[in-house]
Amino acid sequence: AQKVTQAQTEISVVEKEDVTLDCVYETRDTTYYLFWYKQPPSGELVFLIRRNSFDEQNEISGRYSWNFQKSTSSFNFTITASQVVDSAVYFCALRVGNQFYFGTGTSLTVIP
Amino acid sequence: DTGVSQNPRHKITKRGQNVTFRCDPISEHNRLYWYRQTLGQGPEFLTYFQNEAQLEKSRLLSDRFSAERPKGSFSTLEIQRTEQGDSAMYLCASSPPRGSQETQYFGPGTRLLVL
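Heads up: the sequence lines are chains A and B, in that order.
First residue of the first sequence? That's 1 in the working numbering, and the numbers climb one at a time after it.
First residue of the second sequence? That's 1 in the working numbering, and the numbers climb one at a time after it.
Next comes chain A alone, as it looks inside the complex (with noise of 0.2 Å):
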């Protein structure tokens, strides 16, 4: 069976610190694609970031970056020098074939 956890349910940082988010998943699938996307008070679904199962290359994308270890199966995400503007709902999600498996989300509040 496919599960992503998301242990942290809300964090609130003040303006400029670093924040991490923890996804741990499971599967086991060995072939996988692993997501992190952005829910904005909004409400629409915003892609971040995808990795796929043999590439544990970590990725930086200006203030984001994300670590992803197989032999922890988790897939962490991390704010540095956090803005206002990263308040949202961050998920992560497992592909397997054609479906795809949401964690519950972590609610980042970045207090000014």
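These are calculated hints, taken from the structure and not from any lab test.
Treat the hints with care, as some may be off.
[Claimed, not checked] Reference listing, derived: stretches of chain A covered by chain B, where coverage requires no fewer than 3 residues with Cβ under 8 Å from a Cβ of chain B:
{"hint": "1", "stretch": "43-55"}
{"hint": "2", "stretch": "98-109"}
[As the list claims (entries may be wrong)] Selected chain B positions facing chain A (Cβ under 7 Å, derived; list incomplete):
{"hint": "3", "residue": "T38"}
{"hint": "4", "residue": "Q41"}
{"hint": "5", "residue": "G42"}
{"hint": "6", "residue": "P43"}
{"hint": "7", "residue": "F45"}
{"hint": "8", "residue": "Y48"}
{"hint": "9", "residue": "L55"}
{"hint": "10", "residue": "E56"}
{"hint": "11", "residue": "F106"}
{"hint": "12", "residue": "P108"}
A quick note: this is a predicted structure, and the numbers were derived from the prediction, not measured.
Backbone N, C-alpha and C fix where the C-beta goes; we use that ideal spot for every residue, glycine too.
Fit chain B to the supplied structure of chain A, relying on the hints for placement.
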């Protein structure tokens, strides 16, 4: 049009009524997904189309739910004999053909309230 569109954006109905939602994917995307999202939860997969073929259906999709994509373009999701537990946001997403840009682009959703 540069994104996925969904209509209506909001729907209020009485228990027992039928409702139908429409999703228009990004034009060159041949893959289409329906999800349901309740408050405080992540999206739950309902069904997947590749062109006009419905290739995956979740066990969440009871026999009161039916989805179609007759010409491989827009899709409809119908809920018959709605129940209060059907109240949720229904999300549609589309993806291009398999390749380097494999990701989903989500629409704004249709929020359903069953009274």
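Results for each hint:
1. 43-55: holds (count 6)
2. 98-109: Our answer is that it holds, as 8 residues pass the Cβ test (under 8 Å) against chain B, meeting three.
3. T38: Violated, about 10 Å.
4. Q41: Since chain A brings a Cβ to about 6 Å from Q41(B), closer than 7 Å, the hint holds.
5. G42: holds (3 Å)
6. P43: With Cβ-Cβ at 5 Å, under 7 Å, it holds.
7. F45: At about 5 Å, which falls below the 7 Å cut-off, the nearest Cβ of chain A leaves the hint on F45(B) intact, so it holds.
8. Y48: holds (5 Å)
9. L55: holds (6 Å)
10. E56: This interface hint holds because 5 Å falls under the 7 Å limit.
11. F106: holds (4 Å)
12. P108: It holds, given that the least Cβ distance between P108(B) and chain A is near 5 Å, below 7 Å.
Hint 3 from the list above is the single one not met by this structure.
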